[in-house]
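**Student:** As a plain string of letters, each chain reads:
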Amino acid sequence: MDLPATPAVPAPLAPTGGTPISERAQARRETIRVLLKRPAFIIGNIVMIGWIITAVLGERITPYDPFNAFDVGHLPPGPDHLMGTDRLGRDVFSRVMVGSRDVLIVAPLAAILGVVAGTLLGLVMGYYRGIVDDVLSRLVEAFLALPVILVALLTLVVLGTSAPVVVGVVGILFTPIVARTVRSAVLSERQLDYVTAAKLRGESGLFILSREIFPNVLGPTVVELTVRFGYAIFTVATLSFLGVGIQPPSADWGLTVSDEYTNMIAGVWWPTLFPALAIASSVVAVNLIADSLQSVLSE
Amino acid sequence: MARFIARRVLLSLITLWLLATIVFIIANVLPNDVGRTILGPFAPQETVDALNERLGTNRPILTRYIDSITGIVTLNFGDSFVTGKPVLPQLFDSIGRSAKLAGLALLITIPLSIAAGLYAARRRDRPIDRAIVLLGVTSASIPEFVTGTILVVVVGVQLDLLPVLATPPRDSDVPTQIRYLLMPAMAMAIVYFGYIARMTRAGTIDVLQSDYTRTALMKGLTTAQTMRRHVLRNALIPTVAVIAVQIGYLFGGIIAVEKIFNYNGMGQTMLFAAQRKDIPMLTAGAIVIGIVYMLATLAADLIIAWMNPRIRLDAER
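Residue numbers (the numbering used here), protein chains in the order written: chain A, 1 to 299; chain P, 1001 to 1317.
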C-alpha cells in the first residue's frame, strides 16, 4: 500500500472524485465572469474601493489636514479649496475624503452581526418548524413592526451612544429581517431529496443544517449580506445625522450634514451638499453591487 | 371572511403585545438607572434616588411591566419625564401633522411608482425598463435626509422655487400648506418610489407570463381589456403588501426629514424627547407607530383577500 506505483484504479475514475470540487470552482468562476460583464457591478465596486482607499490613506493624500488646518470659515468652493471650507475653516474636500472612515467600520460590522444572527435563527426556524418556528415567527413579526430609527433612538438614549452600541442596535434590528429571508430559503430546500437522504442516513439535525442545507442557501445569504450592508450605511448615516450615531470629532458625512445643514438656507450649501453626495454615492454603489449579485445568483 | 378577519386581528394583537414587551425591555431591563441617565454622572446619589422615586422607576420590574401593558390597553402611556403631563395628548397633535406630510408623500409616490412599474414590466429588458429599474435601485437606497438636503440646495436655495422650511404660516389655506410640504414630501416620496415600482414590476412580470393572461389575449381581448380584467388585480397584490409595510417605515424616515425642514411633527417630538431623555415619550412613539404599522398591514391583508379569493379561502381552511 505504501508504494503507489501505477494506479491500479482505471484512469477515468480518478477525475470523478475531483469533479464536484472543480465543478463548483468552475461555477464560481463563471459567476464572477458574468458579474464582471455588468456595468452596475463594476461601477459599484470602483466607487466603494475608491472610498476605502481614501479612508485608509486619509491624511497622507488629502490636500489639507482635515481636522486641524483652519482657514477662513465658509469660503465658497474655489481653486484653493475645491469644495470650500466649513464653519471652522476646515477644507471640506479633505474632510469628505476621510469622512467614510467610521461608517465603513460600523456599517459592515452591523451588517455581519445581523446576517450571522439572522442566518442562525432562519436555519433553525426553517428546519425544525413546529412550535419553535411558530413562537420565533411571532417574535420576528413583532420586531418587523418596530420602527427601526425610532427604536435605535430609544436604545441609544437608554444605553448612551458609542460605536459598539450602534453596531449592536442596528445588527439586532436587522436580525429578524435576515431570519425571514433565510427561513423561506430553507423551507424550499428541506423538501428536496438530498435532505431526505441525509435524514435516512441518520445524520443529526446539526449536521444536516450546517453541512447540507447551509451551503445551498449561501447564495441568498451573500445577497442579504450586501443588501444589509447598504441599509446599514443608510441607517448609521441617518442616526449620525440625528446626533445619536457617530460622534465628534469624526469627519463622518452624516455628522457633518447635521452640523452644517442649518447654513444651507443662508446660501452656504457646500459643507452640506458634498458630504450628502458622498453618502448617496456609497449607498447607491453598495446597492448596485447587491442588485447585480442578486440577479446573477438567482439565474 | 369573518373567520379570516377574526384570526388576523387576533394575530395582530399578539404581535402588538410582543412589540410592547420588546419596547418595555429596551426601556427598563437594559442596564440603566433612569434618574442617573437624566441627571448625568455628577449628580449626588440622593438627588438621583429622589428622581427615581418621583418617576416611579425604582419600583419592582414586574409592577412596571404590568403598569405599562395595562397602560397601552387603557390608552394611557404614562407621563412625560420632562413636562409631567400624559404623553399621548402631546403626541397626537404632532402625529396629526406628520400624517399630513406622510399622506402627501404617499399621494405623490403611489400613482407614480405603480405607473412606472407597470410601464417597465410591459417593456421588459428594453432600455426604458433598465432605466426604471436603475432609478428604482438608486432612489430606494439614498437616505431621506440626503435627498432632502440635495432638494433644499437645488430647488429651494439655487432655483428658489419652493420654501425651504416646511411649517406654513398660521391659518394658511390648503394650497399654501401643500406648497410648504411639497419638498419634504418629495424627499420621502423618492425613497418609496424605488420599493413600490420594483415590486409592481416584479408582480406584473409574473402575471404577464401566466397561462391565464395568454388565454385572455388569445381569445381576442385587447391588451387594455386584459390588463384591466386579468393582470392588474393579481399583479398589484405584492404592491399592496409592500405599501403597507412602507407606511410603518415612513414614520422612521420622517424623523430626519422633519429635522432638515424644521417641521414640528412626530419626528421633532421624538428628537426632542431623545435630547431630554424623555423615555415614556419615546416608548409611546414606538408603540403608536407599531400600531399604525399593524393597522396598515391588517388593511393590506384585507384588501389582498378581497382582491384574490384564493388567499382568503386558504386562510379559512
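Just so you know, these hints were derived from the structure itself, not from any lab. Some hints could be false.
As the list claims (entries may be wrong) - Calculated lysine to aspartate or glutamate pairs in the DMTMM-like style (CA-CA distance at most 25 Å, straight line):
hint : chain 1 : residue 1 : chain 2 : residue 2
1    : P       : Lys1277   : A       : Asp259
2    : P       : Lys1277   : P       : Asp1033
3    : P       : Lys1100   : P       : Asp1171
4    : A       : Lys37     : P       : Asp1033
5    : P       : Lys1277   : P       : Asp1093
6    : P       : Lys1259   : P       : Glu1053
7    : P       : Lys1277   : P       : Asp1125
8    : A       : Lys37     : P       : Asp1125
9    : A       : Lys199    : A       : Asp134
10   : P       : Lys1277   : P       : Asp1129
11   : P       : Lys1085   : P       : Asp1125
12   : P       : Lys1259   : A       : Asp259
Fair warning: this is a prediction, and the values are worked out from it, not measured in the lab.
**Student:** Name the hints, by number, that the structure is in violation of.
**Tutor:** Of the numbered hints given earlier, those the structure breaks are 4, 6, 7, 10, 11, listed in rising order.
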